[in-house]
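Generate coordinates for the entire structure from the input sequences, incorporating the hints supplied.
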Amino acid sequence: MVKVSTLISLLLMLLSCSPKERWEKQDLHSDHTIFSIHKLAPHADFFAFESESLAQKNIPESSRNYISLNGNWKFHWTASPKDRVKNFYKVEIDDSSWDDILVPANWEVEGYG
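Residue numbers for the sequence shown follow the working numbering, so the first one is 1 and each next one is one higher.
No wet-lab data here; the hints were simulated from the structure. It cannot be assumed that every hint is accurate.
[Said to hold, decoys possible] In silico DSS-like pairs for lysine-lysine, Cα to Cα no more than 27 Å straight-line: (1) K74 <-> K86; (2) K74 <-> K90; (3) K39 <-> K82; (4) K39 <-> K86.
As structure tokens, this is what we get:
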């Protein structure tokens with residue numbers, strides 16, 4: 001009986017072992033199989049119109065609350081997140097050496113990555 005329980009214990013320990021790589025810190029940003037970490041559940045979108053008549057027409061572009069983000073954006077691509085510009089969000093940053101990309105877009109289609 002002791003031999004059987006020892007054997008079962010050893011087998012369970014072996015089965016629970018996994019490769020070292022599984023537990024090492026992964027390079028998540030370059031793993032193409034990961035696409036939904038911290039993904040929010042789907043939800044209904046909404047838009048705040050300034051009047052009932054505009055809401056009934058349901059044309060967000062006609063509202064003064066609508067701001068289009070489409071257009072040319074400054075873009076600075078790096079191969080690794082650790083090489084990113086740390087203060088990219090500041091208004092006073094010098095982005096004169098950055099490229100322009102058309103938004104909406106995919107930066108791979110624009111020739112990066």
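Hints and how they fare:
no.: 1; hint: K74 <-> K86; in the structure: holds, 15 Å
no.: 2; hint: K74 <-> K90; in the structure: holds, 13 Å
no.: 3; hint: K39 <-> K82; in the structure: holds, 23 Å
no.: 4; hint: K39 <-> K86; in the structure: holds, 25 Å
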